[in-house]
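A.B. asks: Residue numbers for the sequence shown follow the numbering used here, beginning at 1 and rising by one.
The hints are simulated quantities; they were obtained by calculation from the structure and are not laboratory data.
Watch out, some of these pointers could steer you wrong.
[To be verified] Straight-line distance between alpha carbons at most 25 Å, and here's what the computed BS3-like set of lysine-lysine pairs gives: (1) K149 - K21; (2) K21 - K79; (3) K137 - K123; (4) K105 - K85; (5) K149 - K123; (6) K21 - K32; (7) K79 - K105; (8) K149 - K137; (9) K105 - K149; (10) K85 - K149; (11) K32 - K105; (12) K85 - K21; (13) K21 - K105.
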Amino acid sequence: MKVVLCGPPHSGKSCLREGLKQAIMAIHRGGKAPYPYFITGCPDGEGSWYIQTVRNNPDLAARLKREYKAKFTLAFAEKIAFDVKNASLPLTLIDVGGRIDGKNKIIMEHATHGVILAGDLGKVGEWERFCGELNLKVIAIVHSDYEGKFDAIECESPILRGSVHYLERGEDVSQRPMVQVLARVLVGLSNGG
């Protein structure tokens, strides 16, 4: 199962990725989930290391992000697409940039599922169409409610819908209700459920 975390820019996809990583790893340590493999498919300098570094040393994180940030080139997209295509673990999550374009298409076309995270709900439809064009089964549509005070789970099936609040770098979001439910959905699907 290869799941793309996608949606408009500045929705908190990298923060969600880190929260999911921690939530799925907790299930994995309990012996009930495959090891989750994460691919950073956007050259914004926020790899898996970034959130932890922000928590421990924000100045270092900012400096390293500036150094690691690169242009979103065709060569970069092709390299990430190769990684996605050849990922063989039962649960792979791919964090892509916030644009509907040819480069993200190259990366996403080797995935199987999509999770759409959007701060602007008006943008969800275009991401649903993009996922549909790539034959990705959308399994969750999550509103990133930055000003919110709590998460809301509207429904879990057939598509998980609801909101997650205050996705902010450096915050541990792994225990948020939406992150926990999404982690369980991903684990369940990767286990054949």
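A.B. asks: Quickly compare the C-alpha distance for K21 and K32 to 25 Å and report which way the hint goes.
C.D. replies: 14 Å, holds
A.B. asks: Need the status of pair K32, K105: alpha-carbon distance at most 25 Å?
C.D. replies: 32 Å, violated
A.B. asks: Hey, K21 versus K79, does the alpha-carbon distance stay inside 25 Å?
C.D. replies: 22 Å, holds
A.B. asks: Run the distance test for K105 versus K149: straight-line Cα separation, threshold 25 Å.
C.D. replies: 34 Å, violated
A.B. asks: Next pair to validate is K149 with K137; report whether the Cα-Cα distance is within 25 Å.
C.D. replies: 30 Å, violated
A.B. asks: What's the verdict on K85 and K149, does the C-alpha distance respect the 25 Å limit or exceed it?
C.D. replies: Answer violated: K85 to K149 is near 38 Å, above 25 Å.
A.B. asks: Checking one constraint from the list: CA of K149 to CA of K21, max 25 Å. Satisfied?
C.D. replies: Holds - the C-alpha atoms of K21 and K149 are around 22 Å apart, at most 25 Å.
A.B. asks: Are K85 and K21 close enough, with their CA atoms no more than 25 Å apart?
C.D. replies: Holds, at about 20 Å.
A.B. asks: Hint check: K105 vs K85, CA-CA at most 25 Å. Holds or violated?
C.D. replies: 13 Å, holds
A.B. asks: Are the Cα atoms of K137 and K123 separated by 25 Å or less?
C.D. replies: Holds, at about 18 Å.
A.B. asks: Mind checking the alpha carbons of K149 and K123 for me, to see if they're no more than 25 Å apart?
C.D. replies: 22 Å, holds
A.B. asks: Has the given pair, K21 with K105, been kept, meaning a C-alpha gap of at most 25 Å?
C.D. replies: 24 Å, holds
Of the numbered hints listed earlier, those contradicted by the structure are 8, 9, 10, 11.
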